[in-house]
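Line by line, the protein sequences are chains A and B. Per this note's numbering, the very first residue in the first sequence carries number 17; after that it's consecutive. Per this note's numbering, the very first residue in the second sequence carries number 12; after that it's consecutive.
No wet-lab data here; the hints were simulated from the structure. Incorrect hints may have been included.
[To be verified] According to the in silico footprint, chain A covers these stretches of chain B (three or more CB under 8 Å from chain A):
{"no.": "1", "stretch": "20 to 34"}
{"no.": "2", "stretch": "133 to 141"}
{"no.": "3", "stretch": "156 to 162"}
{"no.": "4", "stretch": "259 to 268"}
{"no.": "5", "stretch": "287 to 295"}
{"no.": "6", "stretch": "381 to 387"}
[Unchecked claim] Only some residues are given here: those of chain B computed to face chain A with a beta carbon under 8 Å:
{"no.": "7", "residue": "S55"}
{"no.": "8", "residue": "T192"}
{"no.": "9", "residue": "M212"}
{"no.": "10", "residue": "M254"}
{"no.": "11", "residue": "S256"}
{"no.": "12", "residue": "A339"}
For clarity, every value in this text was computed on a predicted model and none was experimentally measured. Idealized CB from N, CA, C, for every residue including glycine.
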Amino acid sequence: MSQKPHLTLSLAKPDNLNAAVALNGCREILIEHRDLARVGFLDSEGCTALARDAKAHGLRTVLVWDLLLSDNQLLAGAALIRGLDLALFDAIRVQDAGAARYAKDAFPHLERQLVLETGNHNLPGILSWIAAIEPRRVVLSNELPMPLVAQIRAAVSVELEYLALGRLLIFYTPRKLVSPVTTILAEEQETVERFVTSEEDGKNKHFPLIENQHGTFMYYEKDMFLVPYLAEMAAAGVDYARIDTKFFDDAALLAALQVYLADSGAAQVAALKALLGPRLTRGFFKSNRTDKQFKRLKNKYLAVRDDAVYVGEVLETKKKSYTALKSEQAFAIGDCLQLQNPEGKVSTTTIQSIRNSSGQAVTRAEQPGIWVVNHISGASAGSKLYLDLTAPEG
Amino acid sequence: MRQTEILAPAGNMAKLETAVRYGADAVYLAGPKFGLRTAADNFSAEQIATACAFAHQRGAKVYVVLNGFLFDEDLADLPPFLAEIEAAGVDAVIVSDLGVMRTVAEHSRLTLHLSTQASALNTHAAKFWRDQGVTRLVLGREVTLEEAARIQHEADVEVELFGHGAMCMAYSGNCTISNYTAGRDSNRGGCIQSCRFKYRMSDQRGGAGDAGYFLSSKDLQGVAHVDQFVSLGIDSLKIEGRMKSELYVATTVQAYTAARDAAWLKQAGASPEDLMRELNAMSHRDYTNGSLVAKAGPDSVYLHEDDHLPHSHDLLGTLVEVTDTHMALFTRNPLQRGEVVELLVPRQGVVHLETEAARDITGKLFDRVSSNRIIMLPKHPAAEVGLLMRKKRHVPKTSSHAQLSQTG
Numbered sequence: 017m018s019q020k021p022h023l024t025l026s027l028a029k030p031d032n033l034n035a036a037v038a039l040n041g042c043r044e045i046l047i048e049h050r051d052l053a054r055v056g057f058l059d060s061e062g063c064t065a066l067a068r069d070a071k072a073h074g075l076r077t078v079l080v081w082d083l084l085l086s087d088n089q090l091l092a093g094a095a096l097i098r099g100l101d102l103a104l105f106d107a108i109r110v111q112d113a114g115a116a117r118y119a120k121d122a123f124p125h126l127e128r129q130l131v132l133e134t135g136n137h138n139l140p141g142i143l144s145w146i147a148a149i150e151p152r153r154v155v156l157s158n159e160l161p162m163p164l165v166a167q168i169r170a171a172v173s174v175e176l177e178y179l180a181l182g183r184l185l186i187f188y189t190p191r192k193l194v195s196p197v198t199t200i201l202a203e204e205q206e207t208v209e210r211f212v213t214s215e216e217d218g219k220n221k222h223f224p225l226i227e228n229q230h231g232t233f234m235y236y237e238k239d240m241f242l243v244p245y246l247a248e249m250a251a252a253g254v255d256y257a258r259i260d261t262k263f264f265d266d267a268a269l270l271a272a273l274q275v276y277l278a279d280s281g282a283a284q285v286a287a288l289k290a291l292l293g294p295r296l297t298r299g300f301f302k303s304n305r306t307d308k309q310f311k312r313l314k315n316k317y318l319a320v321r322d323d324a325v326y327v328g329e330v331l332e333t334k335k336k337s338y339t340a341l342k343s344e345q346a347f348a349i350g351d352c353l354q355l356q357n358p359e360g361k362v363s364t365t366t367i368q369s370i371r372n373s374s375g376q377a378v379t380r381a382e383q384p385g386i387w388v389v390n391h392i393s394g395a396s397a398g399s400k401l402y403l404d405l406t407a408p409e410g
Numbered sequence: 012m013r014q015t016e017i018l019a020p021a022g023n024m025a026k027l028e029t030a031v032r033y034g035a036d037a038v039y040l041a042g043p044k045f046g047l048r049t050a051a052d053n054f055s056a057e058q059i060a061t062a063c064a065f066a067h068q069r070g071a072k073v074y075v076v077l078n079g080f081l082f083d084e085d086l087a088d089l090p091p092f093l094a095e096i097e098a099a100g101v102d103a104v105i106v107s108d109l110g111v112m113r114t115v116a117e118h119s120r121l122t123l124h125l126s127t128q129a130s131a132l133n134t135h136a137a138k139f140w141r142d143q144g145v146t147r148l149v150l151g152r153e154v155t156l157e158e159a160a161r162i163q164h165e166a167d168v169e170v171e172l173f174g175h176g177a178m179c180m181a182y183s184g185n186c187t188i189s190n191y192t193a194g195r196d197s198n199r200g201g202c203i204q205s206c207r208f209k210y211r212m213s214d215q216r217g218g219a220g221d222a223g224y225f226l227s228s229k230d231l232q233g234v235a236h237v238d239q240f241v242s243l244g245i246d247s248l249k250i251e252g253r254m255k256s257e258l259y260v261a262t263t264v265q266a267y268t269a270a271r272d273a274a275w276l277k278q279a280g281a282s283p284e285d286l287m288r289e290l291n292a293m294s295h296r297d298y299t300n301g302s303l304v305a306k307a308g309p310d311s312v313y314l315h316e317d318d319h320l321p322h323s324h325d326l327l328g329t330l331v332e333v334t335d336t337h338m339a340l341f342t343r344n345p346l347q348r349g350e351v352v353e354l355l356v357p358r359q360g361v362v363h364l365e366t367e368a369a370r371d372i373t374g375k376l377f378d379r380v381s382s383n384r385i386i387m388l389p390k391h392p393a394a395e396v397g398l399l400m401r402k403k404r405h406v407p408k409t410s411s412h413a414q415l416s417q418t419g
């Protein structure tokens with residue numbers, strides 16, 4: 017039987033802890049307080065009860081404090097945490113650099129789990145975070161494909177975590193984007209869920225939007241589903257796979273997952289998928305090529321080449337009459353110039369006449385400035401002119 | 012107390028020269044890689060050296076953005092570039108990724124500024140970044156002026172705050188919509204601006220609902236709060252917009268330096284209303300003061316375009332030559348002979364000019380010229396190569412330019 021990472025779980029309802037306890041490989045419960053976690057449904061009493069129950073079942077407990085915070089919010093969060101029975105928690109999970117630093121100083125006995133899901137795609141950076149915050153675990157970005165995770169694994173000794181099932185957070189703002197434009201029923205005021213669809217981005221892509229007291233969170237239209245790849249994750253060095261069921265029917269989902277982990281057949285996978293959103297993704301689990309389109313974003317022919325002597329740029333041209341250019345380099349009648357237009361077409365021309373902007377004829381355009389020369393075939397505004405060093409002299 | 016720096020965007024050399032000519036104390040620009048605006052013209056290492064020479068000669072500083080979230084393979088290309096820009100004399104690099112920071116520290120003596128991309132929002136975060144070697148924090152746009160001043164004081168670090176320009180709706184660095192929907196890494200320069208799309212909102216997947224720009228922020232406009240930047244000792248006021256036009260750069264730099272100078276000298280300068288009118292001259296979304304005074308509220312969301320007031324002016328062109336007798340203007344928009352045009356003169360404001368005597372490059376009078384043409388005008392004493400001219404837009408009479416679009 018292939019090895020799999022341990023599971024760390026976020027529940028929709030604390031009442032379903034038993035389903036987590038029953039789940040093969042589940043080691044840990046994320047305790048999400050509504051005032052400390054980005055999306056949490058529990059008050060202090062609820063957190064305490066869940067932590068106590070989880071520990072009673074031999075599970076580790078993690079207090080999630082993953083908000084980005086102003087000074088006032090950080091102080092309020094810290095006061096709330098101090099009011100909890102910290103003996104019930106094995107670790108605290110933070111993302112904000114200030115919260116991480118604060119947690120290290122103020123709660124030194126709580127293990128730290130550092131969320132590095134936003135960027136942090138290189139080893140020197142991850143090593144620096146580990147040196148500064150001294151976390152027991154880092155939560156890696158889902159933009160890191162497994163081969164890169166394996167490289168990180170080889171270089172660090174802390175635990176590594178990766179989201180394996182759940183919604184993918186792709187946008188986090190402190191601003192409320194739903195309530196100002198929606199009639200909200202009284203019973204759903206604390207946390208509101210909507211879906212947004214863009215006609216520019218495909219009419220069948222419906223992005224979940226969650227608004228609560230901390231702002232608005234947008235999730236990818238496809239849910240992350242890496243459950244069939246748990247063995248690959250373990251092979252790459254992922255210690256903990258996160259199963260985030262808080263937006264789903266967690267009791268049914270965890271039961272289906274338990275069945276799947278015991279027997280990974282097609283029917284079991286299908287049963288599991290049926291409990292998630294209509295579209296699923298592996299994210300960047302296999303590869304990340306999100307920088308490959310960049311070369312096509314710009315017209316390279318508008319840039320000045322560095323392999324030729326730049327004379328200037330065409331500003332205006334009138335067919336069979338003249339071409340006006342702005343020079344940066346001296347040129348003279350008889351010079352052979354190479355022209356490259358914005359479409360990339362290259363041609364050569366010989367300068368036959370030169371006038372300055374006052375209309376006076378000259379034989380040499382000595383100073384940088386505006387010059388009117390004979391019409392250059394193929395020239396248009398923005399074309400670049402270079403000295404044609406390959407032309408025969410004389 | 013130090014005078015608040017006005018820091019302007021420089022998407023290319025022409026914009027850099029414009030920013031410096033119009034009074035920016037510092038500019039920020041990117042090299043061919045490592046920044047967040049891959050589609051901008053950006054600068055080669057050689058151009059950065061030229062840019063530094065131009066700016067330093069005029070007393071302005073140059074900061075280079077290296078604020079992408081880089082992968083290891085990207086980092087490998089960084090040290091040679093660092094050597095080139097250090098030799099060019101750049102005054103600081105703006106970084107958001109700890110790995111980039113480490114690489115900069117190991118391979119250069121460049122001064123480190125923290126990018127807003129790192130979303131530093133509190134004093135403890137400021138101390139963290141300070142301990143990593145950062146001397147200045149570009150704070151998150153969610154930080155108020157008062158909070159910024161407190162962070163500066165308590166963490167003993169320079170602070171920079173955005174004062175003007177487009178804003179991400181998300182916490183900077185915390186949006187990966189483009190990565191997943193378009194396969195373009197928003198945090199390495201490929202953002203497709205999904206937050207600017209029109210969305211339909213529904214309570215169920217695919218349900219019916221109203222459409223609007225629910226994820227789009229209004230543009231930040233803090234000219235009325237520049238006096239607070241100065242009185243609170245905020246080190247730098249940043250203007251967003253490396254992709255924006257030269258007219259945008261000139262107009263914003265003029266407005267914010269005027270406001271800063273008036274506040275610094277405690278003199279009555281142009282009124283905020285006048286400066287707002289100037290800022291309404293160029294293309295923009297509706298304005299908000301963001302979180303400068305209080306945390307951005309519902310009225311900071313763009314929502315609908317119906318109420319948007321059009322900008323009052325268009326760029327006419329740039330002066331490309333000035334002789335003893337005439338000045339040559341390269342047009343970016345059409346001009347009818349006889350239209351009144353406006354020359355933007357650094358630290359003086361707007362000079363109105365007649366165009367009856369305008370001629371084309373061949374010396375002929377014209378009735379109308381299109382864009383991408385050179386026209387000759389009698390020389391104005393304040394004219395210099397590189398200055399901009401603008402002209403009023405022809406807008407439907409139902410729009411009123413007297414009304415300001417300051418909101419939020």
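Quick rundown of the hints versus the structure:
no. : hint       : in the structure
1   : 20 to 34   : violated (count 0)
2   : 133 to 141 : holds (count 8)
3   : 156 to 162 : holds (count 3)
4   : 259 to 268 : violated (count 0)
5   : 287 to 295 : violated (count 0)
6   : 381 to 387 : holds (count 4)
7   : S55        : 7 Å, holds
8   : T192       : 6 Å, holds
9   : M212       : 5 Å, holds
10  : M254       : 11 Å, violated
11  : S256       : 16 Å, violated
12  : A339       : 5 Å, holds
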